[in-house]
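A.B. asks: From first to last, the protein sequence lines are chains A and B.
Note that numbering that gives the first Met the number 0 numbers the first sequence so that position 31 is 30, with each residue one more than the last.
Note that numbering that gives the first Met the number 0 numbers the second sequence so that position 156 is 155, with each residue one more than the last.
Be aware that a few hints might be false.
25 Å max Cα-Cα, derived DSS-like pairs, lysine-lysine [claimed, not checked]:
| no. | chain 1 | residue 1 | chain 2 | residue 2 |
| --- | --- | --- | --- | --- |
| 1 | A | Lys5 | A | Lys394 |
| 2 | A | Lys613 | B | Lys84 |
| 3 | A | Lys379 | B | Lys84 |
| 4 | A | Lys224 | A | Lys56 |
| 5 | B | Lys108 | B | Lys43 |
| 6 | A | Lys387 | A | Lys304 |
| 7 | A | Lys688 | B | Lys84 |
| 8 | B | Lys254 | B | Lys212 |
| 9 | A | Lys480 | A | Lys613 |
Calculated directly from the structure, the hints in this document are not laboratory data.
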Amino acid sequence: MNDRIKTLREKSLNAIPALSQERAVLVTEFYKTGAPEKFSVPVTRALCLNHILENKKLYLEDGELIVGERGQAPKATPTYPEICIHSIQDLDILNTREKISFKSDDQTKKIYDDTIIPFWKGKSIREKIFSEVDEAWKQAYAAGIFTEFMEQRAPGHTVLGSKIYSHGLLDIKSEIEIQIGSLDFYNDPEAFDKREELKAMSIAIDAVINFAKRYSELAKEKSEKEEIPQRKKELEKIAEVCSYVPANAPRNLWEALQYYWFVHLGVITELNTWDSFNPGRLDQHLYPFYKKDIEDGTHTPESAKELLQAFWIKFNNQPAPPKVGVTAQESNTYTDFCLINLGGVKENGDDAVNELTFILLDVIEEMRLLQPSSMIQVSKKNPDRFIKRALKIIKTGYGQPSVFNTDSIIQELIRQGKSIIDARNGGASGCVETGAFGKECYILTGYFNLVKVLEITLNNGIDPKTGKKIGIETGNPESFKTFEELLSAYEKQLNHFIDIKIKGNNIIEKLYAKYLPAPFMSVLIDDCISKGKDYNNGGARYNTSYIQGVGLGSITDSLSSIKHNVFEKKILSMKELLKILKSNFAGSESMRQIFLSDTPKYGNDDDQADSLTKQVFEIYFNAVDNRPNTKGGKYRINLLPTTSHVYFGSVCGATPDGRFAEEPLSEGISPVQGADVNGPTAVIKSASKIDHLRTGGTLLNQKFTPQLLEDESGIEKLTQLIRTYFRMDGHHIQFNVVDADTLRQAQKEPEKYRDLIVRVAGYSDYFVDLTVELQNEIIKRTEQMGI
Amino acid sequence: MSQSGIVFDIIKYSVHDGPGIRTTVFLKGCPLDCIWCHNPESKKLEPETTTKITRNKVLKLSYSETKDVVGREVTDDEIFNEILKDRMFYEQSGGGVTFSGGEPLMQPKFLKSLLLKCKEHDIHTAVDTSGYASKEVLDSIAPFTDLFLFDLKLIDEEDHKKYTGVSNKLILRNLIYLSEAAGKIRIRIPLIPNITDSESNLNQIAGFLSKLKNISNVDLLPYNELSESKNKKFCSKVQLESLKIQSDESLTKIKKTFEPLGVEITIRG
Chain A
0 MNDRIKTLRE
10 KSLNAIPALS
20 QERAVLVTEF
30 YKTGAPEKFS
40 VPVTRALCLN
50 HILENKKLYL
60 EDGELIVGER
70 GQAPKATPTY
80 PEICIHSIQD
90 LDILNTREKI
100 SFKSDDQTKK
110 IYDDTIIPFW
120 KGKSIREKIF
130 SEVDEAWKQA
140 YAAGIFTEFM
150 EQRAPGHTVL
160 GSKIYSHGLL
170 DIKSEIEIQI
180 GSLDFYNDPE
190 AFDKREELKA
200 MSIAIDAVIN
210 FAKRYSELAK
220 EKSEKEEIPQ
230 RKKELEKIAE
240 VCSYVPANAP
250 RNLWEALQYY
260 WFVHLGVITE
270 LNTWDSFNPG
280 RLDQHLYPFY
290 KKDIEDGTHT
300 PESAKELLQA
310 FWIKFNNQPA
320 PPKVGVTAQE
330 SNTYTDFCLI
340 NLGGVKENGD
350 DAVNELTFIL
360 LDVIEEMRLL
370 QPSSMIQVSK
380 KNPDRFIKRA
390 LKIIKTGYGQ
400 PSVFNTDSII
410 QELIRQGKSI
420 IDARNGGASG
430 CVETGAFGKE
440 CYILTGYFNL
450 VKVLEITLNN
460 GIDPKTGKKI
470 GIETGNPESF
480 KTFEELLSAY
490 EKQLNHFIDI
500 KIKGNNIIEK
510 LYAKYLPAPF
520 MSVLIDDCIS
530 KGKDYNNGGA
540 RYNTSYIQGV
550 GLGSITDSLS
560 SIKHNVFEKK
570 ILSMKELLKI
580 LKSNFAGSES
590 MRQIFLSDTP
600 KYGNDDDQAD
610 SLTKQVFEIY
620 FNAVDNRPNT
630 KGGKYRINLL
640 PTTSHVYFGS
650 VCGATPDGRF
660 AEEPLSEGIS
670 PVQGADVNGP
680 TAVIKSASKI
690 DHLRTGGTLL
700 NQKFTPQLLE
710 DESGIEKLTQ
720 LIRTYFRMDG
730 HHIQFNVVDA
740 DTLRQAQKEP
750 EKYRDLIVRV
760 AGYSDYFVDL
770 TVELQNEIIK
780 RTEQMGI
Chain B
0 MSQSGIVFDI
10 IKYSVHDGPG
20 IRTTVFLKGC
30 PLDCIWCHNP
40 ESKKLEPETT
50 TKITRNKVLK
60 LSYSETKDVV
70 GREVTDDEIF
80 NEILKDRMFY
90 EQSGGGVTFS
100 GGEPLMQPKF
110 LKSLLLKCKE
120 HDIHTAVDTS
130 GYASKEVLDS
140 IAPFTDLFLF
150 DLKLIDEEDH
160 KKYTGVSNKL
170 ILRNLIYLSE
180 AAGKIRIRIP
190 LIPNITDSES
200 NLNQIAGFLS
210 KLKNISNVDL
220 LPYNELSESK
230 NKKFCSKVQL
240 ESLKIQSDES
250 LTKIKKTFEP
260 LGVEITIRG
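Extracted from the complex, chain B is given alone in its bound form (with noise of 0.2 Å):
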């Protein structure tokens, strides 16, 4: 049965989500509440109109007539032939598609639909997640996602409480489960100048990482790249402007935090 789902983007040639060529789509609809999110408009599940921004224009995900409408309910076979156009790509550079949001998670069923689409074409396929989701349905995406991108943003649950609006535990509970059960892992730290960056909570994520299996990369992203970069997923709804951004030798001191682990660490996706 066609499934439909609420998407407010695709970009072709993403480079930074995920290994070699990429599409990502984005998911529309985000449960949690981040200080430094960039994407407003990708919090709620529903289409919406805002201000600005004129997108993908083959599918008119987002488009501009009087006001801009952020977001279209869309079948998976109209995305799907979307992420089909990019194939000789992906094969030739070792990419995929990723699916990211919002929370691509709030959409589970529609994402699980993609995803086995993608399956059945050889396609490789990553999740970019916040991990915030039941275990049901993390079980019904996990055996079609070949990598997940998963961002870990603060171990103190209080700080996370106060800069995300949810609790960490089923996060850190989901993280330890998909990291028994699943394929690959890329953890994904944004650096969010005296929010996530400090020394205490960058050494408490290297702790808990360090109990866990099948983390392949750790990718530190670093604010100022990000209120640049097309990642749509982080960026300021309030001014960070004039918060001290990482310089090259804090971020290379991060990088070390991280070094034990053992595993690739890069500095941006």
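Extracted from the complex, chain A is given alone in its bound form (with noise of 0.2 Å):
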């Protein structure tokens, strides 16, 4: 890494997040222009965003290649009032709480207080939804049943494809216009609502096109003034790159970078889609313009890497946006979930591993950045090198890249009806989510407590926690003769809290769909505007809505033991049980014991605990997949946690498995933390007996120890044992490799442990940064492996 992105990575690590009110007040000063009255709806948000883009502070730093900031310096994150709106109380939490802090001050509050709080009360979506839904949904969502994802964010969760890179935004917007022209008002009934959408994209085109000339500006007026002259002539550089793009498709590698991060802008600037949105496979995007670079002179690989380096540093600067309420308090995570993928393969099907990936390798392991995260997919085809490379980056305790199987997400795509070309253009973004990239919208809705299920059911329908009646009566667990009685009510119970999560589902998307389309959005994805339809209405060529089951190792192995032990071994009743677990253990130590280690357990290739997470997996797809959504898409499932598991566990009375009350859930499918003894071969075959193909994406998170990494023969073996969960059909696997002695060292001196990222569940985050609980646990799974 060289000295000018070494000073402007330093600047981004050290650069505090702090909250940005320009946003909330340009949207507030728009909306009371009375344009909402004026125009249709999508035309008012494109309208707004234009409005931001002009009138935003612009950020252009010394030293800088690749120009444009969300807020107005680095880490300034903005609030979206009109999806929620943060109180006086939140600011005060989020600037002066311990972790995930967001400075704010007095004045920032001022205006809060007397300007953007009164005008958005009773208006934003959150409000909506929270007043649209019903009272079960309340209950089950207080209860801690599911979360809800687009309550604080808009649904985004796509990723950009190829388009940008052979066409200017004005080359789309001709797209647009003709589209236009050829709406059929005779016979087509919604030929309107479609061209209010197109006109909406149109200008929003013209708004990012504009903002980029107000960089274009802004650099030569610097340019000007420059007395260095390679800075001059660097200063003339980015002037010219920004009057180019993103107005018209990039000719090199330079301009191509800095279209996509317009179009980031753009995005999170539109609205705060969850999760950030981002360019996925980069290495297939950028290997024609690098590939020419090189060959005419333009880019030696160095240069070619700086400028890759100063790419990066950009996402570092965008943490995600703070939440409201009470989540506020809770840490959660400056991450927004950029999933760079590598690798893979093409829409031919070749291996598509090139020269370039291996230098965004380089590219991740020297910026050791939290943003954007990275990721390889692994075909089949790739070659093992390519592996190797990624472990060794890997093995330095980063937790980047994760590792992904091409081959299952293209078999999972196809089995979601998409096309053999789109399954072989996408991949995986957040955490692990299958997509089809630029064709796609599909969002996570909530996350689902499988274990809260079943403590309802264990209760009848009560929620032990509250003593209120959320559930439906299953029958007494006392009277259930056999455990597939037990299993059976679960099911009914478990039906019943997805029906109610989905009715809410199907209220939410539409209150999208009316009240905040997202034009920008819908101009990148396919077939928003062949359809002349929104993003968020169904526009996308494909229309996903995941719920995303948590705690799949908890939920095994509480069955188990009830199976195991009350209805097999019979060494206690259920009364007694139900006993035991109300006191949360009280003077039962022993009886833990007993749930703890002799009782089978997921994660050990053991097929009595096994079996029971195939059932359990049949239960939740059979409740969820194929289910229509909002957009003439589907319901599908995923098994992923972010950390959900820490909050479905707090909520949670103690389990079957000698799980104490308020500890966190397993997270993903891995086993329950502990549980796994027989290493990593058992953990990877249990995982594997899932069906993974018929999911969007399941996280299996593996520790080791540094030492297993330490020669060639040990990353061969690691390879190797990636390549055979790859057989088995296995989505996805991580590896956190770091000692316990370091995160304790770290846990006592954070300051001198800042820059430590360890892998928590489908991201990275700093150490530091997470709360106790957290950090605990990761301490706790490292001794595991260590012993």
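Both chains are given apart, each in its own frame, so use the hints to dock them into the complex.
C.D. replies: In structure tokens form, the structure reads like this:
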């Protein structure tokens, strides 16, 4: 890394995340002009984006090559009052909380108090959501049966395809104009809605092009005053690049990167899409530009790398927008889940690994930044040396890149009805979610607590935490004669809560379609233009809604304990079990020990336990898969937790697997922390028993001690371990390589370990920014591997 | 006919006991009494109680209740089913199964039955042995063993007796015999400070090996690695911690001693 990149990287690392009032002020200002009364909703939204981009403060710092910030400075993070309103109390908590804070001053608070809060009160989508969903939804939500992604962030969770690398925004604008011209008002009753949407897209395009022009002018201005000849030349170049892209298709690497970056800023300024948008298959998109630049002498591999690194730093400057309400107290994370995909296959099925893939891996290794996150797509066609190069980065304890199975991703997408070409051009985003990049609106709608449903089943519909009846009566478990009766009761209860969740989703998705369309996002994702429909209203070629199951290991082990100890060995009755759970194992430590160590557990390649995993998987799959969503698409499942396994654990009482009340659940499809005692092959075998190809992503977290990756032979064997998991259709595996002592030291002296990044669950985070509970969990897991 | 034997552990993803990803099966019983042995409970053939350990949980080979019981009588089918679970890992990585101990040749019928089952399923087999067994026993298992991991400790007979409790005549004779008759042999030398790592002992081992065929590798197992690792065959019943462990320089020097053999030399297995 050269001095310029070092300086920019340091600046990014040291920038203090602050709450930026800029966007909220501009949006409020715009809505007060009366525009919403004059124009259709999509046009209003596009004009609103234009107002922000036209008036926001620009930032162009010394040494920058790729330009543009969402806030007025790196890590100045906006709020989105049209979605959720930050109260003064929220601002205070964000300002002062120990972890993941966002600084704000009195002036900011005054503006929120005087202007933003009073204007938006009653108008935000969050308030609309809570007034439209029914009581059953609210109760289940409050009990921690599920979470709701869209109460604070807009549906997004998509990844850009290859379109911008061959089409300038002006080219796309022409397509839109042609589309408007061909609307059939005689026979198409939706023609007017389509025209409004297409007009909005066109306005959004102009907004982003003009934003780039403002940067071009600023760079030109700066270049005129610049005295250092080299910097003067760079500023002139920036001015030239920003006047050419995004209006026109890029001609070289620099223009391609800068084009993407303006598009990225457009998307994350328009709405706070969750999870954040990203360029996806970067090594594929950029390779032709890289190759040409190297051939004609524009770049050396080193100078190309410098540009890529400058690009990387831009992602790190954009923390995830802060939350509101009770969740503001939770730490969350600064990461916004941009997941760069490397490798995989080309659309004709060929091995896609190229020279640039390896350069990007160098960039990842050298930058060691929280954002963007990165992953490798491993196909059976890719060379081993690709995996090995990635493992050499992973072994440094950075937690990136994570490792995905391209061949499974393709099959998952094809099962969902995508064409083979769209599937091959796809990948994974966010944590582990499968998507057809550039063609799909796939949204995570919320996590689903598989364990809490068991707790409610064991209490015949009542949540023991509150005493409220929030489920249905599925029978007094003490009356169950067989384990199958219990399982069938569980299935009924689960179906009941999935129904509630989907009913809520069907309302919430429509609220966004009606009130908060995303015309700029719609410009980018096929086939919104040809359908004349918004991204949030079924415009995309494919539309998938996910509900993410959480706690597969915990639910398996809990059911295993009931089956084994109550129904088979009969060492205690159901009545006794329920009593023990209610008392949180008080005075029953010896029984808890039996639950912990003398009961079949998931993660050990033991069919006694794993057969239950399969049954739970099928119950969950059948409850969700293939149900229609509001956009003409379908519901699908995936199995990932982010950090929700901690929250979901906190709402669950003691469980039959020996877990104390309020302790975290297992994450993803990983075994319960400490339950796997037969090594990684057994974990992988257990994890392979569910059918990954019928999901849209699963998350398996495996921790290794550094010793296992010390030499070439260790790397080789881990490579083959990954290959074997993928032969069995495993979707994803990630490795955390770090020792427990280092982590403990980091807990003691966080200031010395600010750059320690660990894999949490589907994403990496700064260890020192994690809550103590999560830190302890990671330490516990690490020790487990180190015994 | 189903055979049974005494096994005290199974370790999966065992990466230092031969090529590829392996499962290592630890058979109980050992005729040697090495002073550095860390597994005194592996010496007796019968299951026994001791004061620690919980291991492989699925098969409950060694378990902990009020006392720890090390070893259990199991059938070949039971063990083989466990071996078979990781078949795909062996196939993908060029790995297989390693039978270790103890001394696996102490249970020849059981071992042979397991080896045969592995060969029926085309699973690569390795036998990790001290070489202290009769020729008949060697003959009975050699045809089904793809690789011998042969431990060579001391060439001097008196020293061998002193530190391991037995003469090395039979061991050396068996090694010569196997090198003439068998497939591949990987020599493993535990480097015990001041006992096996002396210049003269290592020179003598190198000299001895130079006359043999079919030696594919020499693995040097440094003492400090042994004591930390999960390698169950070596570690100390006596406190050897005060002994000087091998530095990187001395390991490089030891490695040089074996270079003339023209085989691959690895430090650590």
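A.B. asks: Against this structure, judge whether each hint is valid.
C.D. replies: To see whether the hints hold, each was checked on the structure:
no. : hint                : in the structure
1   : A:Lys5 x A:Lys394   : holds, 23 Å
2   : A:Lys613 x B:Lys84  : holds, 17 Å
3   : A:Lys379 x B:Lys84  : holds, 22 Å
4   : A:Lys224 x A:Lys56  : holds, 20 Å
5   : B:Lys108 x B:Lys43  : holds, 17 Å
6   : A:Lys387 x A:Lys304 : holds, 21 Å
7   : A:Lys688 x B:Lys84  : holds, 12 Å
8   : B:Lys254 x B:Lys212 : holds, 20 Å
9   : A:Lys480 x A:Lys613 : holds, 22 Å
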